[in-house]
Amino acid sequence: DTPSNYGLNCATGHIAMALVGADLQESDRLYRYSITNRPDLNRMHTAIDMNSNNLNNVGTLNGNAAALSGDISARNGTFSGAISGNTATTNGDITSNNGWLVTKNSKGWMNSTYGGGWYMSDSSWLRSVNNKGIYTGGQVKGGTVRADGRLYTGEYLQLEKTATAGASCSPNGLVGRDSTG
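Read in order, the letters of the sequence shown are residues 1390 to 1570 in the working numbering.
Please keep in mind that the hints were generated in silico from the structure rather than gathered at the bench. Note that the structure is predicted; figures quoted are calculated from it, not measured. Among these hints, one or two may not hold up.
[Claimed, not checked] Estimated spans, in silico, between C-beta atoms of each pair:
{"hint": "1", "residue 1": "MET1509", "residue 2": "GLY1481", "range": "23 to 33 Å"}
{"hint": "2", "residue 1": "GLY1470", "residue 2": "ILE1424", "range": "41 to 51 Å"}
{"hint": "3", "residue 1": "LEU1515", "residue 2": "ALA1456", "range": "20 to 30 Å"}
{"hint": "4", "residue 1": "VAL1447", "residue 2": "THR1391", "range": "41 to 51 Å"}
{"hint": "5", "residue 1": "SER1473", "residue 2": "LEU1563", "range": "46 to 56 Å"}
Ideal Cβ positions, reconstructed from N, Cα and C, are used throughout, including at glycine.
Could you build the full structure based on these sequences and the hints that come with them?
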């Protein structure tokens, strides 16, 4: 064969090169377009070093893991497993559809603006952070209410049970009423 059989011009003073291979032989380059029935032509066989350049206009990234040394910025996110980290800061609410807000050790919930909240430091008592008071227009209800100081009421103390006048009360110091009030 002569170079002219392949459309090459080998005039005096020109360098001619030809790369010849078998039919359907492909190069080791990635193709920019999909080749029918040849997904291997767009498959990487080594890691890519982007030299700190961006990867722009990606439709969907699919993979097994991501190891990032900087921030992640996204509009929304869906995770099917656990999220682990040190702190989380949001500009909106934190909502659980079917779970608990779970804390460990002597931690709980705290409002950083006013320094109040709730925590547990043993298995028996729910405590207010910084001994803050509890304020509600509703009820506080329990089996026993104990005050280590005075007990105040802004109205009347209503006793629902009745006692018999002249009968003993145990222990001493109980306050009661009879059926007439």
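Verification of the hints:
1. MET1509 - GLY1481: 23 to 33 Å: 27 Å, holds
2. GLY1470 - ILE1424: 41 to 51 Å: 36 Å, violated
3. LEU1515 - ALA1456: 20 to 30 Å: Violated, since LEU1515 and ALA1456 (Cβ atoms, about 41 Å apart) do not stay within the stated range.
4. VAL1447 - THR1391: 41 to 51 Å: 48 Å, holds
5. SER1473 - LEU1563: 46 to 56 Å: 54 Å, holds
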